[in-house]
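**Q** Could you put together the complete structure from these sequences and hints?
If you read the sequences in order, they're chains W and X.
With the first sequence counted from 1, adding 846 to any position gets you my numbering.
With the second sequence counted from 1, adding 957 to any position gets you my numbering.
These are computed hints drawn from the structure, not numbers from a lab.
Incorrect hints may have been included.
[To be verified] Going by beta-carbon spacing under 8 Å, a handful of chain X positions derived as facing chain W:
{"id": "1", "residue": "L969"}
{"id": "2", "residue": "E974"}
{"id": "3", "residue": "Q1006"}
{"id": "4", "residue": "P1007"}
{"id": "5", "residue": "G1008"}
{"id": "6", "residue": "R1037"}
{"id": "7", "residue": "A1042"}
{"id": "8", "residue": "A1053"}
{"id": "9", "residue": "K1123"}
{"id": "10", "residue": "R1173"}
{"id": "11", "residue": "G1189"}
Cβ atoms here follow ideal geometry from the backbone N, Cα and C, with glycine treated the same way.
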Amino acid sequence: MAKKVTGPEIERLIQLLARVPGLGPRSARRAALHMIKKKEQLLGPLAAAMSEANDRVGLCSTCGNADTSDPCTICSDPTRDQSVIIVVEDVSDLWALERAAAMNAAYHVLGGTLSPLDGVGPEDLAISQLVDRVSAGGVRELLIAVNATVEGQTTAHYIIDQLGDFDVRITRLAHGVPVGGELDYLDEGTLAAAIRSRTSF
Amino acid sequence: MEWRDEGIILGLRKHGETSVIAEVMTRGHGRHMGIVKGGRSRRWQPVLQPGNSVSLVWRARLDEHLGQYQVEPTESRAGRLMESAVGVHGVQAMAALLRLLPERDPHPRLHDAFAIILDSLDEPDQAGAMYVRFELAVLEDLGFGLDLTRCAATGDARDLVYVSPKSGRAVSAGAGEPWADKLLGLPGFLATRTDPCANASDLREAFRLTGYFLDRNVFEPRGVPRPVARSGFESALERLLDEPGTVIAGQGG
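**A** Okay, here's the thing in structure tokens:
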């Protein structure tokens, strides 16, 4: 049996780091060693930042975004068009759309998609909160920006069913050829969707 | 252990950071799970979508192991299905029905019917009636088949308009009249396979009929709710049928 080379505190740090997406036991060990070597510049500030984030971070009661204030920075931004709501599956999707900076709108994070295999039903998602937001008035357009998967689109159609009685324009992201995509490498489903959604030059 | 088969993807579950557990309705091995290594990559995500047909090689050290799938696409339907509410709700509703079957129990008839209906889902004039027949076939394979060929009271094969909620057998108009308020309606297109009709009200009645027996015999005893996708599929079909001029399932002219 291999002898222990570090104390339980460092072993615990490595074990916790190994749970972070993208890190395995080996890379967690490397990251932990790097932080220990740079204790003043990295380990201390990182621990303080994590502690502070742990104390203050939460989900926005309006849109479900993760932030340190409630309502979140996006919901309390007066320069955003709050009459347009972009519906996303997860906070990571919200961040991705913000990186694109294509729309200056509000968001609504569902917290996942309807997934019978994982036992995720409508009551597990923030769909009723979305209906409440729309019924409160002031919403002109709802852009459903869920993933182009069958589960994502099932969720989108379920939301459309729930909002059938409201006078709101419901739109969705286009499906088709990605920027830099070579037709030869695309699957038939994507190509067929792109042809069906063709636009005039 | 190793076998090759064809199948249709029913659903996926994330496994680690790069792989998925695929649930596939195979033709010869029933509803079967397996790990697809790298299944979350950009290359495999479009292939591993519910409704797509795939060719499979399953390998495991022992038969009872989860095993690993090697997948090759044979027919991509997901992109087309995602275009309509009927498509996405239809594939999810049928996947939910197939999940009622025990794992690794072959049902080639249901596999074939699933493929045919998936190919017809973008033609709503056929989808509804085929889906209802699919529900009846699932009930039959689960041991709760309905007898819609003869009247339970008289044995007559004509004029069947009711179904007994107790026995699940058809009842003719004359024999069922005194208990009409207690009997379920039997739409014409289910009573006689040659009857070329399935209008909107027939379809509503058919959904009510199969829904009753699915609830009583399957969902309630198992303590599971009716799949959300089923009601989504029904209302998506209804919306299409309410549009003037839309007909379904071989409606005669």
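**Q** Take the hints in turn and mark each one as holding or not.
**A** Checked hints:
1. The interface hint given for L969(X) holds, since its Cβ lies 7 Å from the closest Cβ of chain W, which is under the 8 Å cut-off.
2. At a threshold of 8 Å, the smallest CB-CB gap from E974(X) to chain W is about 6 Å, leaving the interface hint in force.
3. Proximity of Q1006(X) to chain W holds as hinted, the smallest CB-CB distance being about 5 Å (cut-off 8 Å).
4. Given the 8 Å rule on beta carbons, the hint for P1007(X) holds: about 4 Å separates it from the nearest Cβ of chain W.
5. Look at G1008(X): its Cβ gets to within about 6 Å of chain W, closer than 8 Å, so that hint holds up.
6. Because the smallest distance between the Cβ of R1037(X) and any Cβ of chain W comes to about 6 Å, under 8 Å, the interface hint for this residue holds.
7. The interface hint given for A1042(X) holds, since its Cβ lies 4 Å from the closest Cβ of chain W, which is under the 8 Å cut-off.
8. The beta carbon of A1053(X) comes within 5 Å of a beta carbon in chain W, closer than 8 Å, and the hint placing it at the interface holds.
9. Because the closest C-beta pair between K1123(X) and chain W is about 31 Å apart, greater than 8 Å, the hint is violated.
10. With its C-beta approaching chain W no nearer than about 21 Å, R1173(X) sits outside the 8 Å limit, and its interface hint is violated.
11. Restraint check, G1189(X) versus chain W: the minimum CB separation of about 6 Å is within 8 Å; hint holds.
Hint violations for this structure: numbers 9 and 10, all remaining hints satisfied.
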